Amino acid sequence: MVQAPQDYSRVGVRNAGLYYEYRSFFSTAMHQAQRLGLVSFTGTMGLVRTSLVRKESGWDEDCITEDAAAGARINREGYLGVYVDESLGKGYMPFDYANLIRQRRRWVYGNMQVLSQDLGKIVRDKKLRIAQK
Numbered sequence: 050m051v052q053a054p055q056d057y058s059r060v061g062v063r064n065a066g067l068y069y070e071y072r073s074f075f076s077t078a079m080h081q082a083q084r085l086g087l088v089s090f091t092g093t094m095g096l097v098r099t100s101l102v103r104k105e106s107g108w109d110e111d112c113i114t115e116d117a118a119a120g121a122r123i124n125r126e127g128y129l130g131v132y133v134d135e136s137l138g139k140g141y142m143p144f145d146y147a148n149l150i151r152q153r154r155r156w157v158y159g160n161m162q163v164l165s166q167d168l169g170k171i172v173r174d175k176k177l178r179i180a181q182k
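Just add 49 to wherever you are in the sequence shown, counting from 1, and you've got my numbering.
Treat each hint with caution, since some may be false.
List of simulated lysine-lysine pairs, DSS-like, C-alpha gap at most 25 angstroms [to be verified]:
(1) Lys176 / Lys104
(2) Lys104 / Lys170
(3) Lys175 / Lys104
Label pairs and their in silico Cβ distance ranges [as the list claims (entries may be wrong)]:
(4) Val62 / Ser165: 31 to 41 angstroms
(5) Val62 / Lys170: 37 to 47 angstroms
(6) His80 / Ile171: 20 to 30 angstroms
(7) Arg154 / Glu110: 11 to 21 angstroms
If you're looking for bench data, these hints aren't it; they were derived computationally from the structure.
Since the model is a prediction, treat every value here as computed from it, not as a measurement.
No residue lacks a Cβ here, since even glycine has one placed at the ideal position from N, Cα and C.
Using the sequences provided together with the hints, build the complete structure.
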């Protein structure tokens with residue numbers, strides 16, 4: 050698994066704060082994750098071997114954040130991700146407040162969905178170090 054930061058186009062005065070919030074996740078949290086061996090797949094600007102996704106039962110179509118679910122399964126199997134802090138592409142941030150709320154709800158709901166499905170497995174997993182749990 051290789052994860053690079055998502056970068057954004059159309060950054061201006063109205064959305065600069067949101068841009069820097071998104072960027073802070075990749076510039077701080079992902080560097081820490083790299084140090085601890087916890088890099089996960091965040092979907093956009095991430096690469097995963099097709100054979101690995103297939104081996105780990107593919108995409109969880111019932112999970113609203115299927116990328117996070119796939120990353121959690123792959124990490125539980127002992128594979129380590131790598132974070133490359135280099136912009137490889139640009140996407141769009143939400144255009145308005147309603148779309149920002151929709152995005153955040155999806156992220157929160159989806160990650161709670163992954164956590165609720167996997168918490169027991171993570172706690173009992175003997176392959177994961179304490180820091181990874």
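Now for the hints, and whether the structure bears them out:
1. Note on lysine 176 and lysine 104: the hinted pairing holds, with a Cα-Cα distance of about 18 angstroms set against a maximum of 25 angstroms.
2. The hinted pair formed by lysine 104 and lysine 170 meets the criterion: a straight-line CA distance of about 18 angstroms does not exceed 25 angstroms.
3. Among the hinted pairs, lysine 175 with lysine 104 is consistent with the structure: their alpha-carbon atoms are about 20 angstroms apart, no more than 25 angstroms.
4. Evaluation of the 31 to 41 angstroms hint for valine 62 and serine 165 yields a pass: the beta carbon distance comes to about 39 angstroms.
5. Between valine 62 and lysine 170 the beta carbon distance is about 45 angstroms. The supplied range of 37 to 47 angstroms therefore holds.
6. The beta-carbon spacing between histidine 80 and isoleucine 171, approximately 22 angstroms, falls within the hinted interval of 20 to 30 angstroms.
7. The hinted range of 11 to 21 angstroms is satisfied by arginine 154 and glutamate 110, whose Cβ atoms lie roughly 19 angstroms apart.
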